[in-house]
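Novice: Just so we're aligned, residue 1 is where the sequence shown starts under our numbering, counting upward by one.
Worth double-checking, as some hints may not be accurate.
Each computed DSSO-like pair below joins lysine-lysine, with the alpha-carbon atoms no more than 30 Å apart [as the list claims (entries may be wrong)]:
1. Lys604 with Lys460
2. Lys550 with Lys513
3. Lys494 with Lys604
4. Lys513 with Lys590
5. Lys460 with Lys441
6. Lys590 with Lys575
7. Lys604 with Lys575
8. Lys575 with Lys322
9. Lys531 with Lys558
10. Lys558 with Lys446
11. Lys460 with Lys531
12. Lys494 with Lys531
13. Lys582 with Lys531
None of these hints come from the bench; they were simulated from the model.
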Amino acid sequence: MSTPNGFPQHSRVCLTRSVEGGAVQDLQAKKAGKAAKKEAGGDGAPPKIGTPISETLKLLPEELKANMKIKSITPRPPRKPRLERAASLDEKSWRKWRRFRTSQESLTDPNETSSSNGSLQEASPSPPARGRASPCNPCYQQHSLHSSPDALEASPGGKSRGGASDLGKRASEISSAFGGLLRGKGFAGGKPRLSQIMPARPLPPMELNVASHSLRTANRIDSDCLDYRHYSQHKFGRVSSSLSDSRLQGNGTLYDSSSTDSMKSTFSVLTPIRAKDVRSRSYLEGSLLASGALMGAEELSRYFPDRNMGIFVATWNMQGQKELPANLDDFLLPTDPDFAQDMYVIGVQEGCPDRREWEIRLQETLGPHYVLLHSAAHGVLYMSVFIRRDLIWFCSEVEYATVTTRIVSQIKTKGALGISFTFFGTSFLFITSHFTSGDSKVNERKLDYNKTIQALTLPKNVPDTNPYRSSSSDVTTRFDEVFWFGDFNFRLNKDRETVDSILNQNPDTDVSKLLVYDQLTSEMSRGSIFKGFQEADIHFRPSYKFDIGKDSYDTTSKQRTPSYTDRVVFRSRYKDDIQAVKYSSCPVIKTSDHRPVFALFRVKVRPGRDNIPLAAGLFDRDLYLIGIRRRATRELLKRREQKDQRSSSICSIS
1 MSTPNGFPQH SRVCLTRSVE GGAVQDLQAK KAGKAAKKEA GGDGAPPKIG
51 TPISETLKLL PEELKANMKI KSITPRPPRK PRLERAASLD EKSWRKWRRF
101 RTSQESLTDP NETSSSNGSL QEASPSPPAR GRASPCNPCY QQHSLHSSPD
151 ALEASPGGKS RGGASDLGKR ASEISSAFGG LLRGKGFAGG KPRLSQIMPA
201 RPLPPMELNV ASHSLRTANR IDSDCLDYRH YSQHKFGRVS SSLSDSRLQG
251 NGTLYDSSST DSMKSTFSVL TPIRAKDVRS RSYLEGSLLA SGALMGAEEL
301 SRYFPDRNMG IFVATWNMQG QKELPANLDD FLLPTDPDFA QDMYVIGVQE
351 GCPDRREWEI RLQETLGPHY VLLHSAAHGV LYMSVFIRRD LIWFCSEVEY
401 ATVTTRIVSQ IKTKGALGIS FTFFGTSFLF ITSHFTSGDS KVNERKLDYN
451 KTIQALTLPK NVPDTNPYRS SSSDVTTRFD EVFWFGDFNF RLNKDRETVD
501 SILNQNPDTD VSKLLVYDQL TSEMSRGSIF KGFQEADIHF RPSYKFDIGK
551 DSYDTTSKQR TPSYTDRVVF RSRYKDDIQA VKYSSCPVIK TSDHRPVFAL
601 FRVKVRPGRD NIPLAAGLFD RDLYLIGIRR RATRELLKRR EQKDQRSSSI
651 CSIS
């Protein structure tokens, strides 16, 4: 129930009682003032510390008293006392907080006025009341009727800090505050409005690493995930969203960054996929730049931020040997580059009789991070394509075709084998060939090349990524990136003695004098073979012909001239798409009269569309399991041998 002036009825009763009590105190103050004048002798000495407000008011000048108009209120008989409800927990906590804040404000600057007086001038605070909470609380009377300790603080000499004029200002402030209460300004608003208090000096720094050294060590993040937080925020905009992190940071609790970072390292680094994206995602109607396309730009940037992938291409004429090298690490995993490549393509001429065993050995060497995307054979020509297992989903169906260039022999030792597929939006063609042998049969080798580019029927079902730049008479024009490697059988047009003398003069890597006599280099410069192809600079010794198991060239009666018969060449539809990183041979493998030759490339990959026939993660699972099982068995045997060797070296003396 409210009164005409807008106050609740119980609020008006409390205010009336307060004003009545104030009027009685003023009358008592006047009487006490007269008595104090008599005792003080009328010298007008300032009041002592601890003087109440009523005694302070009596010392004001007469003019100020005349200006202060206090409206007299007729006393009324008190009503029956009403029981007030108990304060709620919210009110109690708010009162404690207010007292604590007031004490802080009084300690900030002794020269400022009291924070309680200032807050009363703006608006009297009220606690967050529930129901009919009475605003007539002793707490508010204490704040409004008593001056702050700062205002009445004594100077070091024991005297008050202000004279009569200062006391007059204090009295006017108190009267204005009283007037605000009577006019109803004190209870405007539901939340307390406090004056802003700034610290007098900067706060001391606080150590946030509250965890002990042992705790930080236990929660230390792995070294390979140190930059995960920065990377995820920079690339994916993924702010910390785990419950553990938000609870630690949201409660205002001090926490150690190493603890939260170690929590993050346990979560997946894969980008989260929203449910609505999964609903709208279609793998058959993908767009080139659509956010949901499997082959699109967003997915490509996630795996290849610079849109370049590493490809290992190798060729080796095995001479049909049954015996395989004991270790292929130096061949497939050279020590010069720090990282393994994304794709491994190995072509073999005159391969070993057991092709499956050769592929198992490749899988065993590359390990569980790679899977066999596809393998094909044409007689004794083998080709195997391995790719990182997490990239298998971005490949199209793999197609292959063969060409036979030597029809007389029942065993297809001469010819070509091609494998093609599309990775994201870039089409690849890999060709391994074995051309006609013989020092003087250059024209026959050119015929083998021309027959291969015309008869190799690729692609079949996978669409051409750029049909406007394709030619029906040349298979190498129908793909973005083409790698052609094998035993091309081109020789050095020089006698054995001259070649040996050049090799003895430059035993290291200076073979530029030998390349002057190279048949393939001269034919490519004329444009009669491998049109549009390039070859990296050669800095290795000729790969043919060696004595098996030795580093010496042919010592038989034929005395064949050492030559660069094993080569890797490449071409691209777009300029500078293929960058040769390394081009070398592997002199460690000596089971054949040829040395393996390999090249490392950085190839640019472009985004594609989803409307191509996908391989859908298809790979040779049986080969993968056999290769990994062999790798684990080999490692266990190696450890057992090392353990036996250590135990046998210890002798006991009894």
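Novice: Holds or violated: are the alpha carbons of Lys590 and Lys575 at most 30 Å from each other?
Specialist: With a Cα-Cα distance of about 37 Å, the restraint between Lys590 and Lys575 is violated, given a limit of 30 Å.
Novice: What's the verdict on Lys604 and Lys460, does the C-alpha distance respect the 30 Å limit or exceed it?
Specialist: 24 Å, holds
Novice: With the threshold set at 30 Å, check whether the alpha-carbon distance from Lys494 to Lys604 stays at or below it.
Specialist: With Cα atoms ~39 Å apart, Lys494 and Lys604 exceed 30 Å; violated.
Novice: Is the Cα-Cα distance between Lys460 and Lys441 30 Å or less?
Specialist: Judged against 30 Å, a Cα distance of about 33 Å means the pair is violated.
Novice: When you check the alpha-carbon spacing of Lys604 and Lys575, does it fall within 30 Å?
Specialist: Holds, at roughly 10 Å.
Novice: For the pair supplied as a hint, Lys460 and Lys531, is the alpha-carbon distance within the 30 Å limit?
Specialist: 23 Å, holds
Novice: Take the C-alpha atoms of Lys513 and Lys590, compute the straight-line distance between them, and say whether it is at most 30 Å.
Specialist: Holds. Lys513 to Lys590 sits at ~26 Å (cutoff 30 Å).
Novice: Please verify whether Lys550 and Lys513 have alpha carbons no more than 30 Å apart.
Specialist: 24 Å, holds
Novice: Is the straight-line distance between the alpha-carbon of Lys582 and that of Lys531 30 Å or less?
Specialist: Holds: Lys582 and Lys531 sit about 22 Å apart, inside 30 Å.
Novice: Compare the distance between the alpha carbons of Lys558 and Lys446 with 30 Å, and conclude whether the hinted pair is satisfied.
Specialist: 25 Å, holds
Novice: Verify the proposed pairing of Lys575 with Lys322, using a straight-line Cα cut of 30 Å.
Specialist: Violated: Lys575 and Lys322 sit about 42 Å apart, past 30 Å.
Novice: For Lys531 and Lys558, compute the direct alpha-carbon distance and say whether it is at most 30 Å.
Specialist: Cα-Cα ~34 Å, so violated.
The structure shown violates the earlier hints numbered 3, 5, 6, 8 and 9.
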